Amino acid sequence: MSNFSTYLQLGYEHIVSFDALDHILFIVAIMAVYQLKHWLRMIIAISFFALGHSVSLALAAAGVVDFEVELIEFLIPATIVFTALINLTKGGRDARSRSKYWLAGIFGIIHGLGFSNYYGMLTMGESTYWQALLPFNLGVELGQLAVVLVFLLALLVYEFFLNKKLRDWSLFWSGVVFGLSLVMCIENWPFNF
Amino acid sequence: MSVAQVHHQEGQWQVSLKVFSDDLERAVGPLLDDTTAQADSALARYTRQHFALTSGDRPPGRLQYLGHESEVNLTYLYFYIPAPAQPHSVEVKHSFFMELFDDQVNIVNITVGEELETAYLKEGRPRQKLRFNP
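Protein chains in written order, with the working numbering: chain A, 83 to 275; chain B, 83 to 216.
Calculated from the structure, these hints are not laboratory results. Treat the numbers as computed from the prediction; the structure is a model and nothing was measured. Treat the hints loosely; a few may be bogus.
Straight-line alpha carbon distances no greater than 25 Å define the calculated DMTMM-like cross-link-like pairs of lysine to aspartate or glutamate that follow [stated by the list, open to error]: (1) B:LYS211 x A:GLU95; (2) B:LYS204 x A:ASP101; (3) B:LYS175 x B:GLU197; (4) B:LYS211 x B:GLU173; (5) A:LYS119 x A:ASP250; (6) B:LYS204 x A:ASP104; (7) B:LYS204 x B:GLU181; (8) B:LYS211 x B:ASP185; (9) B:LYS211 x B:ASP184; (10) B:LYS211 x B:GLU181; (11) B:LYS204 x B:ASP104; (12) B:LYS175 x B:GLU196; (13) B:LYS204 x B:ASP105; (14) B:LYS204 x A:GLU241; (15) A:LYS119 x A:ASP176; (16) B:LYS175 x A:GLU95; (17) B:LYS204 x A:GLU95; (18) A:LYS119 x A:GLU241.
Chain B extracted, bound-state conformation (with noise of 0.2 Å):
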């Protein structure tokens, strides 16, 4: 399981997401124990390739890696993704540890302005498409 928290901010979906740590090292190999700039840039790779945020018919914007946090058995990791100024809808695509757990559910939640909607994704259904009221 993991969660996500979208903000649309300043042309740019700015995303946080909560991944289990285990789930993570198991997904990337055993990279907290590395120096940060190795782990980072697995990290960066394994991101890009299992979440994309797609809004209306525009290409998918490059994802911009900030960085990584531990916590106990959690990790943080931090990124944007450019976004038109007012999107009206968003394709959701994330997969992370679906190729590893049949059972793997992640929860993505988008603001948009004071509105907020949510992706429910899992095996077999790892993209969802949400619409924002203008």
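Next up, chain A with everything else stripped away, as it sits in the complex (with noise of 0.2 Å):
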């Protein structure tokens, strides 16, 4: 097997397991206010939080990167109860907005930081930057596209076959998305009181 394709491999199987259920639930948050209608503003979402990833990507390649795994394992779920959140104010059910791309870029930072782990260890001799960090991290775009297109699958049955109303499907997620994060909050809580 050629080093590009395991760590492509490496970073595909990251994402789609479950023990990746944050950043699936993540994408889901995201997601859960557009139609079928609005596939392009997705992927323009996604590509924000793909871009924050690559955000911290680069912090971590400068080797910039020293935050407390505890604190970012808190914050992560805590974006995610965020986002959940805002879906269910009027401007975040608002499929035309674009604060949902910033929303997605400045926590796929965050998001990307959880990674920092990985970086310092798939660095090592001749697997540098080129030939592991960037492979691992297409890796990780492709697991996020398949998420994309698994969840726009279900849009697409919700749409055509069970309801119109994008209202009762963003609240379904939006409230499946909060209560499971929310637990990963109070799970991954970092302060002592």
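Join the two chains, each given in its own frame, into one complex according to the hints.
Following this line, the structure appears as structure tokens:
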């Protein structure tokens, strides 16, 4: 197996797994307010999330990432809780709003920092930025794309066969995401009080 | 997760293996606070149990453990294994921490001359054969 495809597979499996539930929940929270006709906006929002990751990757590659792991592990589900709550507001539900893009980008940086442990592990000897981190990150993005496609398929079934009310769809998924990520927040509470 | 770099040099597989210190301590006990000699003896035992390189039909060469280094949350283990002069294939076994974690992934990058091949090992598949062009 080539070096590139190994790290690509590693990144992909890192996302398409139950252990990456936080990542998947955030993608769902971002996508929950869109209908199929908003597919381009969805892609833009997810691209901003990927862009946020890439910023973290660049920071990690430059060796300037040094955050408490416990704090990051709490902040990641906190961003998901926040996004799910935003979905309940009038502005948050508005599929035309561009604030979702920025939210996805900034929170993408925080989610990317969750990988900083892996960045330190992956770079070794000849396996430096181009040989390890780049294919790993590409694999992560491919994994995200797979999650997006599955969610779009579910939305397709919902829109064509079950119901047309986006509000029900959005409320349902935002509620699911809120509940699960709140539990993660509590489990990863980093403060001593 | 762990990553190993293996170089074929001077009739040896020269290996440096990078692991998360937490995982290592969970596998072999809180060694890193112990004296280095005690720590190394337990680390060598665990490494011989979970890492092997077998070339062709030859019996597996005995792993010679050299030592370890720790930095922040990572630990490096260094060792070598006797190798044929010109290996055409090698079977890699690397089952570190698979007894502890279902999702453990171990990557082994092996360089022979200019050629780099990679083994991707996980629970249920701790061995993989790699081939090299002479």
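Quick rundown of the hints versus the structure:
Restraint check: the Cα-Cα separation between B:LYS211 and A:GLU95 comes to about 22 Å, which is no more than 25 Å; the hinted pair holds. A hinted pair counts as satisfied when its Cα atoms are at most 25 Å apart, and B:LYS204 with A:ASP101 qualifies at roughly 15 Å. Proposed proximity of B:LYS175 and B:GLU197 is supported: the alpha carbons are some 20 Å apart, at most 25 Å. A threshold of 25 Å between alpha carbons decides the hint, and for B:LYS211 with B:GLU173 the separation of about 4 Å falls inside it, so the pair holds.
A threshold of 25 Å between alpha carbons decides the hint, and for A:LYS119 with A:ASP250 the separation of about 17 Å falls inside it, so the pair holds. Taking the CA atoms of B:LYS204 and A:ASP104, the gap is about 23 Å. The hint holds against a cut of 25 Å. A distance of roughly 11 Å separates the Cα atoms of B:LYS204 and B:GLU181; the hinted pair therefore holds under the 25 Å criterion. This hinted pair checks out: B:LYS211 and B:ASP185 have alpha carbons roughly 21 Å apart, not beyond 25 Å.
Distance check on the hinted pair: B:LYS211 and B:ASP184 sit about 22 Å apart at the alpha-carbon level, within 25 Å; holds. The hinted pair formed by B:LYS211 and B:GLU181 meets the criterion: a straight-line CA distance of about 21 Å does not exceed 25 Å. Our distance criterion of 25 Å between C-alpha atoms is met by B:LYS204 and B:ASP104, whose separation comes to about 19 Å. At most 25 Å may separate the alpha-carbon atoms for a hinted pair to count; B:LYS175 and B:GLU196 meet this at roughly 22 Å.
Under the criterion of a C-alpha separation no larger than 25 Å, the hint pairing B:LYS204 with B:ASP105 is consistent with the structure, at around 15 Å. A threshold of 25 Å between alpha carbons decides the hint, and for B:LYS204 with A:GLU241 the separation of about 40 Å lies outside it, so the pair is violated. Distance restraint check for A:LYS119 and A:ASP176: the Cα-Cα separation of roughly 14 Å lies within the 25 Å cut-off, and the hinted pair is therefore satisfied. As the CA atoms of B:LYS175 and A:GLU95 are separated by approximately 21 Å, the hinted pair is consistent with the 25 Å bound.
Restraint check: the Cα-Cα separation between B:LYS204 and A:GLU95 comes to about 12 Å, which is no more than 25 Å; the hinted pair holds. The straight-line distance between the Cα atoms of A:LYS119 and A:GLU241 is roughly 11 Å, inside the 25 Å bound, and the hint therefore holds.
Hint check: a violation occurs at hint 14 only; the rest are consistent with the structure.
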